[in-house]
Structures are given as structure tokens and as C-alpha cells.
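Student: Required output: the full structure, derived from the provided sequences and hints.
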Amino acid sequence: QQQVKQSPQSLIVQKGGISIINCAYENTAFDYFPWYQQFPGKGPALLIAIRPDVSEKKEGRFTISFNKSAKQFSLHIMDSQPGDSATYFCAASMKKTSGSRLTFGEGTQLTVNP
Amino acid sequence: GAGVSQTPSNKVTEKGKYVELRCDPISGHTALYWYRQSLGQGPEFLIYFQGTGAADDSGLPNDRFFAVRPEGSVSTLKIQRTERGDSAVYLCASSLKGPGGIQYFGAGTRLSVL
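Taken in order, these protein sequences are the chains called A and B. In our numbering, each residue carries its 1-based index in the first sequence increased by 39. In our numbering, each residue carries its 1-based index in the second sequence increased by 198.
Simulated from the structure, these hints should not be mistaken for lab results. Note that the coordinates shown come from a computational prediction; the quantities given were computed from them, not determined experimentally. C-beta: ideal position from N, C-alpha, C; glycine also. Some clues are possibly wrong.
Dumping the calculated SDA-like pairs for lysine to any residue here, alpha-carbon to alpha-carbon at most 20 Å [what the hints assert, rightly or not]:
#	chain 1	residue 1	chain 2	residue 2
1	A	K135	B	P206
2	A	K134	B	Q248
3	A	K81	B	Y302
4	A	K134	B	Y302
5	B	K295	A	T136
6	A	K81	B	K295
Anything over 12 Å on all C-beta distances counts as not near chain B; from chain A, calculated [stated by the list, open to error]:
#	residue
7	K96
8	K97
9	T126
10	V151
Tutor: Right, here's the structure in full:
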């Protein structure tokens, strides 16, 4: 059962452009929504995260927008750079369940062309 | 200190063989998680340890999979009678406190079952 759905599967953006990745979740008990970045041959690394009491969180060029009523959240990468080329995963967890085990989306392969 | 360390980085085995995958978490992290990542997919939860005990093993696909963490630090994921469908990257993550804590991932062990 896929509890977190992510789109698009792949994304190509020009340098300096905005990259947008979307996720939707089903379980309203989720209370933590991180985004992870993964480079080939490496493990996922936490990029930015949000809790449902906040509608937006910004860290540098990365912004999460959260819509609790629609059960959707998205990652915006401003001024995208070739070094941002990686696979991005959204995830969700519940603090009270299984040590906050993460449920991941399917991933988005981002390519930023120079 | 050092990040999460996983060994070996690659493991090739034959169908029916037994394999062990090792995870050294970040020092002092009490929570440890195993995930499995199939090609082109997001990681899927396998098991969560809080200290020495498996607090949640509901993600283990069947009884051929088993994991231990005898001293509350290093963990070993054990797979008996490997099948070709077990081929994947096995990721380990650790967290300072468990529920609500940030999970830090290792680079994974790429298991190939021939």
C-alpha cells in the first residue's frame, strides 16, 4: 500500500530555474514530513523537513509548502544548480509509531542542465 | 564523529546462500533502522531497534530475514536462503533518540543474488 505518492518521476530544469516536486499522503496521523536528497552510491541525506502546524518552511534555496487539508506537500528548489542534480524523496512519519519509521515516496530524479 | 558505516558496500552471492550485512551507527545513537531500496524506488522500512531490542520488525518480508543488535550499537541483518528477489540496496539509519529524531543514513550495502 503506497501511502506517499510522489510526482513527477523525473524532472529536467535549466540552471537558474525553479524545480518543483509534489507529494500526497493518505494517513492523516503522519506528523513529520522530511525531504531527502540522494546522490548515486550514497545514502539519503535530510534536506529539509516540516511539521503539519506550519504551512511553509524555507532554508536557503529550498522551500517546503504544506497543505494539510489537501494532504499534499511540495519541495521548491529556487535558482536550481547542476550540483542539485540528484534523486529527491519525500517521506512521512508518525512520532508515536515505530520510532518514527519513514514512509518514502517513489522518488524524483532531478537533472539541472548547465 | 563518523557517520553511519555499512559493510560490505557490495555483496554478490548465489541463490540459496546465507548473507550478513553489518551496520555501525553513529556513536551514541540509540535508535537504529534498516530499510531496503529496490532499483528506482524509495526505501522501504524493514525493522527498528531501540537499544538492543527490536521494537518493530513488521517490515521484514518473511522469516528468512532476521536482524540483531546485541549490545545496542552494531547491528547485523541476516538473510537466509537468499532469492534473486532479495537483490536491492540495504540501508541502515540511526537516530539519537528514536521517535521524532532525525535519521542519518549510511551509504548502504548493494546485495546481488545471482
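Student: Hint by hint, note whether the structure agrees.
Tutor: Outcome of the hint check:
no.: 1; hint: A/K135 / B/P206; result: 33 Å, violated
no.: 2; hint: A/K134 / B/Q248; result: 14 Å, holds
no.: 3; hint: A/K81 / B/Y302; result: 12 Å, holds
no.: 4; hint: A/K134 / B/Y302; result: 16 Å, holds
no.: 5; hint: B/K295 / A/T136; result: 14 Å, holds
no.: 6; hint: A/K81 / B/K295; result: 23 Å, violated
no.: 7; hint: K96; result: 15 Å, holds
no.: 8; hint: K97; result: 18 Å, holds
no.: 9; hint: T126; result: 9 Å, violated
no.: 10; hint: V151; result: 20 Å, holds
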